Amino acid sequence: MKTRLTALALGALMAAGPAAADLVFPSLSYRTGPYAAGGIPFADGYADYFTLLNERDGGIGGEKIDVPECETAYNTEKGVECYESTKDLGSLVYQPLSTGITYQLIPKVTADGIPMLTSGLGRTSAKNGAMFPWVFNFPANYWDGASVAIKHILDEEGGDLKGKKVALVYHNSAYGKEPIRTLEELSKKHGYDLTLLPVDHPGQEQKSQWLQIRREKPDYVIMYGWGVMNQVAVQEAVNIRFPMDHFIGIWWSGSENDVLPAGEGADGYKALTFHNLGDNYPLYDDLKSYVYDKGLSAGAGDQHGTAIYDRGMYGAMLVAEAAKTAQKIHGTSKITPAMMRDGMEALEMTEEKMTALGLPNFGPEFKVSCENHGGNGFAAIGQWDAKAHEWKLITDYMQSDQDVVQPLIEADSMAFGKENNITPGCK
Amino acid sequence: MPDQLLYAMEVTLNGLMAGVLYALVALGFVLIYKASGIFNYAQGVMALFAAMTLVGITEGQVPFSHLINAIFGTEIHNFGWQLPGLVAILLTMVVMVGLAWCVQQFVMRHLVGQAPIILFMATIGLAYFLEGVSDLMWGSEIRKLDIGLPQGINETLDRVTYDLFGYGFFIDNLDVVASVIAALLVIALVAFSQYTKQGRAMRAVADDHQAALSVGISLNFIWVMVWSVAGFVALVAGIMWGTKSGVQFSLSLIALKALPVLMLGGFTSIPGAIVGGLIIGVGEKLFDFMIGPMVGGATENWFAYVLALVFLVFRPQGLFGEKIIERV
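If you're matching them up, the sequences are chains W and V in order.
So in full-length UniProt numbering, spot 184 of the first sequence is number 184, and the numbers just go up one at a time.
So in full-length UniProt numbering, spot 15 of the second sequence is number 15, and the numbers just go up one at a time.
Only pairs whose alpha carbons sit at most 25 Å apart, straight line, appear in this in silico BS3-like list of lysine-lysine:
| # | chain 1 | residue 1 | chain 2 | residue 2 |
| --- | --- | --- | --- | --- |
| 1 | W | Lys87 | W | Lys334 |
| 2 | V | Lys144 | W | Lys392 |
| 3 | W | Lys387 | V | Lys144 |
| 4 | W | Lys151 | W | Lys367 |
| 5 | W | Lys162 | W | Lys188 |
| 6 | W | Lys165 | W | Lys177 |
No lab work stands behind these hints: they were computed from the structure.
Predicted, not measured: the structure shown is a model, and the values here were computed from it.
Same shape as in the complex, but just chain W:
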């Protein structure tokens, strides 16, 4: 026992600071607090992928990877503290799983010259790389999500939404309000009526919103929720017998956590996703051999293959590929944050590359450029099978309505540039 404790203490000391030559990918995680159920699988997936690269490949380009973890509890102030305390470790890229933290970090990473990846979250207009050179949000953003949800509804309704009613149930925060503008623009284009139903944090009490849904009988409900708001919304929808296959959540409302408490009633609930789901991929065989079976799983090791674990793993894979690209561009394995940015801006994900990585048909193909830091805006729809306890992809990846989304991104990013006296431009 004494020896084990000594070993643990030594291990902790050794893990406290990365070796100078390591490639550092800090993880601003939240394993505590009201949103821990979402934060834990993401942090586990993120860490496990890098552990796999260290164990199987010896790191990236021969450089070992270090993933210092800092607990934010989904608290914006703590998130900023974590950034400040880790940025001097040689951190190559940040992926804060929080829109609030992202907004606070945008000016900081820009000033410090450290790239940030906010896949499926954060400031949508950061897709305009000419205005946000250090921020990336590939492969899809909130507005893509809203547009793809409407596209799916169009498919379901034979291409005509005139006279249809769509309700948006959203977390009453910067995050939840993101899709409003897009859905309003799309309602003008397609002729549906949009009802907005905000839910205050944390969202444990939603009776008013769901009574209104019961009265007004919208044809579809789209949800932008997070944490307990998701579970309560799904349960309330079950209670009022809203058809679950007409209820579509954004990817942050599409984890196992969100549907399991409602039991069989949640069957058929749909959620958007920008990556595939489950653990039936060759990469998982490697994870099993090199990480899980060796007892190197992050956390409790009980999240493998869940939707948000997959997202964390996918996030790690994307930045690892960007790091490889950066090493190739600059001809060195010891890359700096600025080189990492170049790698992210030159990243191209093809099906061939994904297959070689052991993740065939796992994510959409996309190419990043200076003007486009957000990819091509592809997302798909997953559906919950309550009996099998699993999410299944029921559509192919669909591209968001670029005619609507792109001008909105242009307008919002230009407004940001004007406010902050930034002249957009690509080198």
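Dock chain V against the given chain W, drawing on the hints supplied.
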């Protein structure tokens, strides 16, 4: 009958039901405040701890298994049993009594005679400690709590109101059960404090610690008992809210819903907690129904506090609270 009126009636009914759920949380605060003058900041976390313990015991989860496995390299997770709800509730109650004893033994006993703000700060510390222990003991996953409580639309009310008005009212069966349980709980608590020896001793301690001690009442015993009863109320609240949303960390935030209820009903009155809960529940739901659409919705959280503040202006002690008279 005009549609708007029917809808308002349905909203009122649901507001009453929501109010009962708020009152369930508020009751725990009232019990401890009445007996010891402590505003127990940890009451919401006690509901979380109770609900997590209930699910853990029901599913046969080994407590602290993650910690044990990390230290000893073992792979133990489950005892392999699935206990019936009632047995699990009884065992959880035993745990809550144990918690009450620990709180009294290791925290409150050492703070006898301290200013209320010190005791309040101690309960803040207790809340953070208990949050961490819950996490360490049972994990952070969201778990389904199923002890057989009915959920979903109440068919009878739906049918009756449809026959009467041509519009079926929605009421969640869980809310109906919660109302019945809350009513029974209040009757039991009032009967306990009025007609039992321990209840009378509890009231004596609440009135004057020194006088109670002088007639041989054990302060230690009474406070353990009060924290145990508050633990039981927290368990009931945890079951109701946990059934609605799954058992998860956010359960501790239900305390936020109890604060305006306490401000309105008074910190020292059990009936006040119920009436306060009902007024807040109906008030916030009706306001959101009538005014919400004009101001962009999501009014419930702040309106509850505004309503409580308005009451505070006219009755600082709350509707049923005891008037505080300071003699100088």
